[in-house]
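Undergrad: Chains A and B, in that order, are what the protein sequence lines are. Residues in the first sequence are numbered from 1 upward in steps of one, following our numbering. Residues in the second sequence are numbered from 1 upward in steps of one, following our numbering.
It should be emphasised that the hints constitute simulated quantities derived from the structure, not laboratory data. Keep in mind the model is a prediction, meaning the values are calculated, not measured. C-beta atoms are modelled at their ideal positions from N, C-alpha and C, and glycine is treated no differently. Do not rely on the hints blindly, as some may be mistaken.
To be verified - Have a look at the derived ranges for each label pair, beta carbon to beta carbon: (1) B/26 <-> A/79: 31 to 39 Å; (2) A/112 <-> B/59: 31 to 39 Å; (3) B/16 <-> A/80: 47 to 55 Å; (4) B/112 <-> A/12: 44 to 52 Å; (5) B/1 <-> A/13: 29 to 37 Å; (6) A/77 <-> B/41: 39 to 47 Å.
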Amino acid sequence: DVKVTQSSRYLVKRTGEKVFLECVQDMDHENMFWYRQDPGLGLRLIYFSYDVKMKEKGDIPEGYSVSREKKERFSLILESASTNQTSMYLCASSSRGTGLREQYFGPGTRLTVT
Amino acid sequence: GNSVTQMEGPVTLSEEAFLTINCTYTATGYPSLFWYVQYPGEGLQLLLKATKADDKGSNKGFEATYRKETTSFHLEKGSVQVSDSAVYFCALKGAGGTSYGKLTFGQGTILTVHP
Chain A
1 DVKVTQSSRY LVKRTGEKVF LECVQDMDHE NMFWYRQDPG LGLRLIYFSY DVKMKEKGDI
61 PEGYSVSREK KERFSLILES ASTNQTSMYL CASSSRGTGL REQYFGPGTR LTVT
Chain B
1 GNSVTQMEGP VTLSEEAFLT INCTYTATGY PSLFWYVQYP GEGLQLLLKA TKADDKGSNK
61 GFEATYRKET TSFHLEKGSV QVSDSAVYFC ALKGAGGTSY GKLTFGQGTI LTVHP
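Modelling step: build the complete structure from the supplied sequences, incorporating the hints.
TA: Shown next as structure tokens:
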């Protein structure tokens with residue numbers, strides 16, 4: 001069974017803290033993605049990675065960075081957390097090959113910044 | 001750029017009612033289209049998909065037909081159950097080989113089904 005896991009389901013951090021969200025997939029997928037989910041806005045892509053050490057900005061990268069040192073792991077970093085980064089964060093992965101390359105999602109991390 | 005627009009929610013139905021959730025898109029060429037479902041407390045799961053015009057995706061009693069002429073991919077189910085209560089997302093993957101599988105999502109539609 002395919003699996004994408006995220007390090008925490010719930011996280012509470014203070015304004016200005018550095019926050020790390022971890023995502024691990026066991027499907028040997030090349031592509032990995034970080035989204036944030038907000039009511040009425042759907043999912044918005046923050047960053048994605050198509051290979052180890054490679055990354056591309058998504059639609060809303062400001063205030064975030066990412067790291068991919070190993071194929072199975074993709075980290076999202078909030079350099080200095082702010083209250084407007086309170087949200088649900090979803091990680092996903094997909095294979096690179098031809099075809100539809102379905103994305104598989106983790107359960108999400110609900111981050112609250114106070 | 002690509003965009004997806006879903007009908008506003010929330011949608012509240014009684015069990016065994018007919019469901020339609022509208023989805024329209026803007027994209028160049030021939031994108032692939034998806035419906036994802038998110039049950040309470042979980043991540044998204046692929047519900048169904050279609051890759052070309054007039055394709056019909058189906059799964060668990062849900063159906064959606066890729067309509068190029070109306071740029072639509074409406075989700076339907078003939079008889080909903082309480083267990084279908086979830087958030088439904090329409091999404092597209094742009095045509096072309098360099099998109100790395102990126103998806104563009106609609107805003108999501110909350111469905112609540114009462115017994």
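Undergrad: Could you run down the list of hints and mark each one as holding or not?
TA: Going down the list of hints, with the structure as the test:
1. Taken as a hint, the range 31 to 39 Å holds for the pair residue 26 of chain B and residue 79 of chain A, whose Cβ atoms sit roughly 34 Å apart.
2. Restraint check, residue 112 of chain A to residue 59 of chain B: a C-beta distance of roughly 34 Å satisfies the suggested window 31 to 39 Å.
3. Between residue 16 of chain B and residue 80 of chain A, the C-beta spacing of about 51 Å keeps the proposed range 47 to 55 Å intact.
4. The hint said 44 to 52 Å for the Cβ distance between residue 112 of chain B and residue 12 of chain A, and at roughly 28 Å that hint is violated.
5. The hinted window of 29 to 37 Å between residue 1 of chain B and residue 13 of chain A holds, with their beta carbons roughly 32 Å apart.
6. Between residue 77 of chain A and residue 41 of chain B the beta carbon distance is about 25 Å. The supplied range of 39 to 47 Å is therefore violated.
This entry does not satisfy hints 4, 6, going by the numbered hints stated previously.
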